[in-house]
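Take the sequences, apply the hints, and build the full model.
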Amino acid sequence: MRRTLSTLALLMLGLMLIGAIWQPHDPDAVNLSMRFALPSPDHWLGTDQLGRDVLSRLMIGGWRTAVVLGCVAAIGMIGGTVFGVTAAMLEGWRGALILRAGEMFIVVPTLVVALTAAALFGLNPVTAGMAMGLAGIGPYTLLAHALARRLLAEPFVQAARALGVGGCGLVLRHVVPNMTPVLFAHIGANAGLAVTAYAALAFLGLGADPSKPDWGAMLFEYRMFIFDHPLLMVWPGLAIAMVAATLNAVFDAT
Amino acid sequence: MTLPARITLRTVTSLLVISLLAFAVISAMPSDPVAIAIRAWNLPPDGATVAGLRSQWGLDRPFLERYGAWLARFVRGDWGLSFRTGEPVLAEFLQRLPLTMTMALSGLALAPLLAVPLGFLAALRPSGWIDRATRGLAVFVQAVPSIWLGLILLYVLGVQLRWIRPFTRDWNGLILPVALIALHSLAVLTRVYRRDLLDVTRQPFFRTALAKGLTRAGALWRHGHAHALYAMISAFRAEASWAVGSTAALEVLFGLPGIGQFLVESIAARDYPVLQAYVMVVAAWLLVLNAGVALCLAWLGPSRP
Amino acid sequence: MGTMIRALRASAVVLASVAGFATGAHAADPLRVGAAFITSGLDPAKGSNGWALASHGIGENLFSVDRDGVLVPELAASAERVDELTWRVRLKPGRQFSDGTPVSTEAVSAGLAHTMANNKAALATGGTLRFKAWDPLTIEVTTERPVPLIQALFAEWPMIVYGLKADGGAVFSGPYAVQSFKPDAEIELIANPHFEGAQKRSPVTYRKFADAQALTLALEAGELDLAFGLPAESIARLKNDPELTIQSFPVGYQYLAYLNTRTPALADARVRRAIDLAFDRQQLATAIHGGLPATGAYAPYFPFAGKEARPTDAAKAAALLDEAGWTAGADGKRSREGEALTLTVLAYPQRPDLVAMLPVIKAQLAPLGIAVETKIVENANDVAASGDYDVFLWAQHTAPSGDPAFFLNSTFRTGAGLNFTGYASPDFDAILDGFATESDPAKRAEIAARAQQKLFEDAPVSFLLSPVWHVGLSKALSGYEPWGSDYHVLRADIGESTAAPLD
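Protein chains in written order, with the working numbering: chain V, 1 to 254; chain U, 255 to 559; chain Z, 560 to 1062.
Be aware that a few hints might be false.
Per the computed footprint, the stretches of chain Z lying under chain V, defined by three or more beta-carbons under 8 Å from a beta-carbon of chain V, are [claimed, not checked]:
{"hint": "1", "segment": "789-797"}
{"hint": "2", "segment": "840-852"}
Simulated crosslink set (SDA-like; lysine to any residue; CA at most 25 Å straight-line) [unchecked claim]:
{"hint": "3", "chain 1": "V", "residue 1": "212", "chain 2": "Z", "residue 2": "934"}
{"hint": "4", "chain 1": "Z", "residue 1": "798", "chain 2": "U", "residue 2": "413"}
{"hint": "5", "chain 1": "Z", "residue 1": "767", "chain 2": "U", "residue 2": "422"}
{"hint": "6", "chain 1": "V", "residue 1": "212", "chain 2": "Z", "residue 2": "940"}
{"hint": "7", "chain 1": "Z", "residue 1": "934", "chain 2": "V", "residue 2": "225"}
{"hint": "8", "chain 1": "Z", "residue 1": "767", "chain 2": "U", "residue 2": "425"}
{"hint": "9", "chain 1": "V", "residue 1": "212", "chain 2": "Z", "residue 2": "790"}
{"hint": "10", "chain 1": "Z", "residue 1": "934", "chain 2": "V", "residue 2": "51"}
{"hint": "11", "chain 1": "Z", "residue 1": "741", "chain 2": "U", "residue 2": "355"}
{"hint": "12", "chain 1": "Z", "residue 1": "892", "chain 2": "V", "residue 2": "23"}
{"hint": "13", "chain 1": "Z", "residue 1": "934", "chain 2": "V", "residue 2": "22"}
{"hint": "14", "chain 1": "Z", "residue 1": "724", "chain 2": "U", "residue 2": "342"}
{"hint": "15", "chain 1": "Z", "residue 1": "934", "chain 2": "V", "residue 2": "31"}
{"hint": "16", "chain 1": "Z", "residue 1": "892", "chain 2": "V", "residue 2": "211"}
{"hint": "17", "chain 1": "Z", "residue 1": "605", "chain 2": "U", "residue 2": "342"}
No wet-lab data here; the hints were simulated from the structure.
Glycine included, C-beta positions come from ideal geometry on N, C-alpha and C.
Printed below as a string of structure tokens:
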């Protein structure tokens, strides 16, 4: 089961990444004589209200979602690790303070942070990803902190310390490498949330460029046709659902 | 220091830090607030107005001084005037908050009430139909955007079947959004409760309890419930966070004039006083909730096995 | 026996109250109206409240534009010019505000003066106006700048008429009066007792729907009697609903594209004309499910509108671009001295039709070798004023006061307040100067035609479409006829089906 899910996840990731450089059709090509076409060999997912190929638009949207996920994971993991490990290394009140600071990021909901960022900087995958990544630092901090503490108590780390290995070296060569597998495993929980949050942002339509389709923006656009051409809205919804679900399932136990 | 005092201190400091961040980030905005205000409130664009606004907002003074002045005003209830409507921001919030709060709290309150029995039954018979149903629900709810589900339900139940009347002003109009929030939280909380309950069945003292003659249900309840409840209440925090975030899209979809819809329109209009106030309100609400949960957990704490 | 009598009496009471309830309910069932906008407040001098209050049927102007686009008297009866800067406006006798006070020269003057002092938009045409009571029913108006047609000025939306109350509030004279107001959400209206026909006028609950789909669904769910501004995509489905009537009507708003004359690429009039020729307006109309190719600056129902649709000629456009030095490379993309021809095209979400047109425009300019980047901005006025764009899609009511001069003067005169394109042509300004001295509407139409011709040649703007809007009606309001764009959603003659009460 896990193997199938992992393969599926990799497959989708592959498609999303390919979307950066190649799509079956020009996603902007308007063709008013071919609107609302049903799936066909030429247009695997049909066309939308302007005759544009839905699959091509989904793939570009997928690439943008991949960028968001990348930023979220990177910022969350790196930021959280920095906070958590530093807190573990420093004893006493300084460590506690840094831990609290990292935890603080939990309080404001992901979506609100993203909304504020969109208001200030406009909506694009990088800024949204960074903003959501910031919101995700909290859980990573706690995790990194717990892991780091446990590792610092390990005999091999104590041995390194005894041999005179200093703080930075200790961290980089012994602590962090041993933490990364577990940290990576936790990407899934946040990632699913990031995908749906970014879709919600695009849905609320905050200044996005219509020729750079995001899945959420496509949901927003196509929902006007939900009762006449219901298939249209299914595609981006399905894409979001699949990515979120597989990410959750691959990395999460329940 | 007693626990309530510590929690209060932590809440207040967190709120202060967030206020500083919110103020800092929004002060960094690229456009000139005076120019926006003049255009938005139709004021005469002469030197006197500009000077007046600049001095009123203290724009020429150092950052910390401005922050202090803003914070002092904020605490007193002067949240500034909205760029978009020209009305006092506090008044706008007070008018819209009740609707959003009712929606979010109703949904959030329903969920744990149903999650406990459902989670219990799921844990009672693992891989039974309740267990599989709740797992399916959890996957469904985490993946399918609420907007999509909401639209379908709105059309089928509201327009075609007319079982509910979605766009009315009274509680009728809130049924669907509350249901959507409750459904999402229910799915998640049920699984958390169930998982923790099942964890208990793997403990040795559980087998001892069974050996002593307790039924499976009885043993689960007596030894597992408090523990699972603890975990569920912990997870509640994340759900509350999600609920706040999702009210924006739900209000747009169902045409409810709450704080979420107001926020979306304010972002569109770059209405910074409203944004600042919103961040503060949301942070305060979640911090208070967190504090409440922390107190709850502490009260439950001693009964953990 | 006693029980039977008591039972009879009880049932009589019940029947009477049911009947009374039924009659009462029948006469006073509020009409439910939904639209995308609502007044921001009840202060007529603030922002664009004046426009919204007139649209909600709460306030009236001295003069107004009727369904055929003609300037007609409303609260005033007539106006005559005394000299270059002075007019005398005669009020209609016997009109009252909703609180019973008369619409007198003093009240009208005080209200308008208050607007003058507080709202910049009121000063656009004639500068600051001063009012004096000439006789009990006549106001003498002194304008700061010469105004050839003061009726048009008083038909402008900031010039809504109201009386100032002692508590600082305002009282209005329109067919509906405000009963309660929830800002940005809902307004409850009752018939103004001092407006003709009050007995037959049901109260109205007017709600704002920020989302077009929510508006549509509310109409379909039977929650609305009038849904104003339905999205074009839903019309086909709604027309099949036997409970609803859908009416489509042409509006005074025009969809146009401002071409920024200050950017290096668009400074050349040939490039702008090429873009104007490249737009396939029929295709745009198809994309937004309705509307007609524009004939010029004005909607076709105005007497001074052009008669011929703006032409499309891709070959001529290509030739113009070649002439201007933008040559197509091997990949079809145009460039000049190594720089590719790329344009940023903007739209704003408050007009979904404009957003829908963006991708089509991108596709229409692509065959010409013009690369397009599209962008949506919410604060359209700010961005346009800053000049930070190449092409800006815009929706504008080009004759709100029934006169062609206002739009041309405020948008294309050198240095004008709404001149977002940077267009500065002394020849064009000279044509516009003709408006200041000409009061004959036919002659004014001729001036407008000449001005538009100059705009076609210089192309600081491309007129795209004359759109059509849609309203949805329930059985209760099936007699409603929409006109006046969104300036008169609620009116005296709302078309209620007058069913007689049951007694």
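Checked hints:
1. Judged by the Cβ-Cβ criterion of 8 Å, the segment 789-797 of chain Z is covered by chain V as claimed, because 5 of its residues qualify and three suffice.
2. Only residues whose beta carbon comes within less than 8 Å of a beta carbon in chain V count, and the segment 840-852 of chain Z has 3; three or more means the coverage holds.
3. Between residue 212 of chain V and residue 934 of chain Z the CA atoms are separated by roughly 10 Å; this keeps the pair inside 25 Å, and the hint holds.
4. Restraint check for residue 798 of chain Z and residue 413 of chain U: satisfied, since their Cα atoms lie roughly 15 Å apart, inside the 25 Å limit.
5. In summary, the hint linking residue 767 of chain Z to residue 422 of chain U is supported, as the alpha carbons are separated by about 13 Å, within the 25 Å threshold.
6. Between residue 212 of chain V and residue 940 of chain Z the alpha-carbon distance is near 24 Å, which keeps this suggested pair within the 25 Å criterion.
7. A distance of roughly 23 Å separates the Cα atoms of residue 934 of chain Z and residue 225 of chain V; the hinted pair therefore holds under the 25 Å criterion.
8. Of the pairs offered as hints, the one joining residue 767 of chain Z and residue 425 of chain U holds, with about 18 Å between alpha carbons and a cut-off of 25 Å not exceeded.
9. Distance check on the hinted pair: residue 212 of chain V and residue 790 of chain Z sit about 23 Å apart at the alpha-carbon level, within 25 Å; holds.
10. This hinted pair checks out: residue 934 of chain Z and residue 51 of chain V have alpha carbons roughly 21 Å apart, not beyond 25 Å.
11. About 18 Å separates the Cα atoms of residue 741 of chain Z and residue 355 of chain U, which keeps this hinted pair within 25 Å; it holds.
12. The hinted pair formed by residue 892 of chain Z and residue 23 of chain V meets the criterion: a straight-line CA distance of about 20 Å does not exceed 25 Å.
13. About 23 Å separates the Cα atoms of residue 934 of chain Z and residue 22 of chain V, which keeps this hinted pair within 25 Å; it holds.
14. Straight-line distance between C-alpha atoms of residue 724 of chain Z and residue 342 of chain U comes to about 23 Å, which keeps the hinted pair within the 25 Å bound.
15. Note on residue 934 of chain Z and residue 31 of chain V: the hinted pairing holds, with a Cα-Cα distance of about 21 Å set against a maximum of 25 Å.
16. Distance check on the hinted pair: residue 892 of chain Z and residue 211 of chain V sit about 18 Å apart at the alpha-carbon level, within 25 Å; holds.
17. For the suggested pair residue 605 of chain Z and residue 342 of chain U, the alpha carbons sit about 15 Å apart, so the restraint of at most 25 Å is met.
The structure fails none of the hints (numbered hints given earlier).
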